[in-house]
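Chemist: Letter by letter, the chains look like this.
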Amino acid sequence: MTVLGLKETLNLTAFALPQGERHVRGGYAGDLLSWVMGKAEADDAWLTIMSNPNILAVATLTDVSCIILCEGVVPDAGVANLAAEKEINLLGSESSVFALAAQIARLL
Amino acid sequence: MAEALRFHYEVDGDNFTSAGAASVEVKRKLRQLGFDAELIRRVSIAMYEGEINMVVHARGGSADVYVDKDCVTIILADRGPGIPDIDLAMQEGYSTAPDNIRALGFGAGMGLPNMKRYTDEMKIETVLKQGTTVTMKVYINHTKQTEKGTSEEGK
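So the protein sequences, as listed, match chains U and R.
Everything in the first sequence is counted per this note's numbering, starting at 1 for the first residue and increasing by one.
Everything in the second sequence is counted per this note's numbering, starting at 1001 for the first residue and increasing by one.
Heads up, a few of these hints could be off.
What the hints assert, rightly or not - Cβ pair distances, simulated, as ranges:
| hint | chain 1 | residue 1 | chain 2 | residue 2 | range |
| --- | --- | --- | --- | --- | --- |
| 1 | R | Lys-1129 | U | Pro-18 | 44 to 54 angstroms |
| 2 | R | Glu-1025 | U | Asn-52 | 17 to 27 angstroms |
| 3 | U | Ala-105 | R | Ala-1021 | 17 to 27 angstroms |
| 4 | U | Glu-71 | R | Glu-1092 | 50 to 60 angstroms |
| 5 | R | Lys-1123 | U | Ser-96 | 39 to 49 angstroms |
| 6 | R | Lys-1129 | U | Gln-19 | 22 to 32 angstroms |
| 7 | U | Ala-99 | R | Glu-1025 | 33 to 43 angstroms |
| 8 | U | Glu-41 | R | Asn-1141 | 20 to 30 angstroms |
| 9 | U | Asn-11 | R | Tyr-1066 | 44 to 54 angstroms |
| 10 | U | Gly-78 | R | Arg-1028 | 19 to 29 angstroms |
| 11 | U | Leu-107 | R | His-1008 | 43 to 53 angstroms |
| 12 | U | Ala-42 | R | Asp-1064 | 24 to 34 angstroms |
What the hints assert, rightly or not - Here are some chain U residues the structure puts well away from chain R; computed CB gaps all over 10 angstroms:
| hint | residue |
| --- | --- |
| 13 | Met-1 |
| 14 | Arg-25 |
| 15 | Val-73 |
| 16 | Phe-98 |
| 17 | Leu-107 |
As the list claims (entries may be wrong) - Quick partial rundown of chain R residues pointing at chain U, CB under 10 angstroms, derived from the structure:
| hint | residue |
| --- | --- |
| 18 | Arg-1006 |
| 19 | Ser-1044 |
| 20 | Gly-1107 |
| 21 | Gly-1111 |
Hints were generated in silico from the structure; no laboratory data involved.
Just so it is clear, CB atoms sit at the ideal spot from N, CA and C, and this is done for glycine as well.
Sequences and hints are given; from them, build the entire structure.
Modeler: And the structure:
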């Protein structure tokens, strides 16, 4: 499924969606950035509540297909623009990390 | 490649927002050079962890990356406080990062373990109150099997 497809199906908020056609092949949930760096795989959807600019570097280096901010968290000031500039898909959801992960798992 | 390519970066210790910029740039360059995705991932993640360490603990430092035909070498040097007990620092979960850094999602005590895990060689030289130099090597065409077994032979 593509990131755009995921957004439409799960009614996610698009803070930045420069590469909606990227495929989502798996997922990872976590907020400790070094854990994410060590465990997330390329083309995962990364579910987190971290909203600071450092998530963009982590997303770039791990090659995840999108970041999804859960629990209604919104990006810190400037982060959405930076995501667009760096071509990183940054989405949002009101759902809990657990609930959203379960929904994504059913779709993949 | 007859001679090693060298990339040099100064890592700004005061700007946490831009931390990781050098690693992202190295990733882009390695991609342009045509290396396989797993090697690029290992080099850039190991370098990012080191870069973050320099920002958190040492107010920045320098990063040099050498690419030759056999390996990618990353040398991170700082003039920070040094590491009193390297074995302890290498333990997963051990961290001396302050609370404000932890609030950003860092300080999980996984930085040095990740650096070791993603590289083929890692050497730490440290002198208390003078600084630390970390040298990491990732071999080309000899990709280490990570725990998940996601590595593949170099192309």
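Chemist: Now tell me, hint by hint, if it's right for this structure.
Modeler: Going through the hints against the structure:
1. The given range of 44 to 54 angstroms is respected by Lys-1129/R and Pro-18/U, whose C-beta atoms sit roughly 46 angstroms from each other.
2. Range check, Glu-1025/R to Asn-52/U: Cβ separation about 20 angstroms, and the 17 to 27 angstroms hint holds.
3. With their beta carbons about 34 angstroms apart, Ala-105/U and Ala-1021/R fall outside the hinted range of 17 to 27 angstroms.
4. Checked against the hint of 50 to 60 angstroms, the pair Glu-71/U and Glu-1092/R fails, with Cβ atoms roughly 27 angstroms apart.
5. Take Lys-1123/R and Ser-96/U: their Cβ atoms lie about 43 angstroms apart, and the range 39 to 49 angstroms holds.
6. Checking the proposed 22 to 32 angstroms range against Lys-1129/R and Gln-19/U shows it is violated: the Cβ atoms sit about 46 angstroms from each other.
7. Evaluation of the 33 to 43 angstroms hint for Ala-99/U and Glu-1025/R yields a pass: the beta carbon distance comes to about 37 angstroms.
8. For the hinted restraint 20 to 30 angstroms between Glu-41/U and Asn-1141/R, the CB-CB distance of approximately 22 angstroms keeps it satisfied.
9. Checking the proposed 44 to 54 angstroms range against Asn-11/U and Tyr-1066/R shows it holds: the Cβ atoms sit about 48 angstroms from each other.
10. Between Gly-78/U and Arg-1028/R the beta carbon distance is about 21 angstroms. The supplied range of 19 to 29 angstroms therefore holds.
11. Taking the beta carbon of each, Leu-107/U and His-1008/R are about 45 angstroms apart, inside 43 to 53 angstroms as hinted.
12. Range check, Ala-42/U to Asp-1064/R: about 27 angstroms between beta-carbon atoms, so the 24 to 34 angstroms window is met.
13. Separation of Met-1/U from chain R is adequate, the least Cβ-Cβ distance of about 21 angstroms exceeding the 10 angstroms criterion.
14. For Arg-25/U, the condition that its CB be more than 10 angstroms from all CB atoms of chain R holds, with the nearest at approximately 12 angstroms.
15. No Cβ of chain R approaches the Cβ of Val-73/U within 10 angstroms, the least distance being about 12 angstroms, so the stated non-interface status holds.
16. The beta carbon of Phe-98/U is kept farther than 10 angstroms from every beta carbon of chain R, the shortest such distance being approximately 19 angstroms.
17. With a least beta-carbon separation of about 23 angstroms from chain R, Leu-107/U lies farther than 10 angstroms from that chain, consistent with its non-interface assignment.
18. The interface hint given for Arg-1006/R is broken, as the beta carbon of that residue sits about 21 angstroms from the closest beta carbon of chain U, more than 10 angstroms.
19. At its closest, the beta carbon of Ser-1044/R sits 5 angstroms from a beta carbon of chain U; the interface hint therefore holds under the 10 angstroms criterion.
20. Annotation: Gly-1107/R was flagged as interfacial toward chain U, and the flag holds, the nearest CB pair being 8 angstroms apart, inside 10 angstroms.
21. Given hint, Gly-1111/R at the interface with chain U, holds; its Cβ is 5 angstroms from that chain's nearest Cβ, closer than 10 angstroms.
Violation of the numbered hints given earlier is confined to hints 3, 4, 6, 18; the remaining hints are satisfied by the structure.
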